[in-house]
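For the sequence shown, my numbering assigns the number 20 to the initial residue and increments by one for each residue that follows.
Hints are computed from structural coordinates only; laboratory data are not their basis. One should not assume that every hint holds.
Said to hold, decoys possible - In silico EDC-like pairs for lysine to aspartate or glutamate, Cα to Cα no more than 20 Å straight-line:
#1 LYS127 x GLU32
#2 LYS127 x GLU53
#3 LYS127 x GLU96
#4 LYS127 x GLU41
#5 LYS127 x GLU92
Stated by the list, open to error - Pairwise CB distance ranges, derived in the manner of DEER restraints:
#6 VAL102 x HIS33: 28 to 36 Å
#7 ASN115 x GLY43: 29 to 37 Å
#8 LEU91 x SER28: 17 to 25 Å
All C-beta atoms in this analysis are idealised placements derived from N, C-alpha and C, irrespective of residue type, glycine included.
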Amino acid sequence: MNVQSRSRSQHLEHVLSRVVQEQGFLVAVLTNHEGLPLSASASEDRLLSEVLAAVAPVIERAAHQSNVHSGLEAADEVVIQNVDRTRIVCRFFAVNDQPLILACVVPKNVAYRRAMNTLIREIRQHWNPELEP
Numbered sequence: 020m021n022v023q024s025r026s027r028s029q030h031l032e033h034v035l036s037r038v039v040q041e042q043g044f045l046v047a048v049l050t051n052h053e054g055l056p057l058s059a060s061a062s063e064d065r066l067l068s069e070v071l072a073a074v075a076p077v078i079e080r081a082a083h084q085s086n087v088h089s090g091l092e093a094a095d096e097v098v099i100q101n102v103d104r105t106r107i108v109c110r111f112f113a114v115n116d117q118p119l120i121l122a123c124v125v126p127k128n129v130a131y132r133r134a135m136n137t138l139i140r141e142i143r144q145h146w147n148p149e150l151e152p
């Protein structure tokens, strides 16, 4: 791993850890479209982050197929609300034409949109330092 990749990886881990601690998310994972976790942070169960990284691309493909069959535009977010009202939230975006997925597990009554928007903005800026906010 080169210095730039190590720096990016450390930064990603830091921003994901921050949202887990400050916003109360249970898990935050950045993964590619194949399910390879690029960075993750979990409040308790580290295995959950690995499972979420593997499941996020499956959720993306299911949303894509559903939208194609119904004639809708591509989804940029999928939210699955569980019986206990925790949510699995997957956001789909790209940096330098590389498709990425930010997947989080959010407890009930915890707002997530602003925190995830900020995370994606920070990921993009660190990936492309020349981009303006």
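Going through the hints against the structure:
no.: 1; hint: LYS127 x GLU32; verdict: violated (24 Å)
no.: 2; hint: LYS127 x GLU53; verdict: violated (28 Å)
no.: 3; hint: LYS127 x GLU96; verdict: holds (18 Å)
no.: 4; hint: LYS127 x GLU41; verdict: holds (15 Å)
no.: 5; hint: LYS127 x GLU92; verdict: violated (28 Å)
no.: 6; hint: VAL102 x HIS33: 28 to 36 Å; verdict: holds (33 Å)
no.: 7; hint: ASN115 x GLY43: 29 to 37 Å; verdict: holds (31 Å)
no.: 8; hint: LEU91 x SER28: 17 to 25 Å; verdict: violated (35 Å)
Of the numbered hints given earlier, the model fails hints 1, 2, 5 and 8; all others are met.
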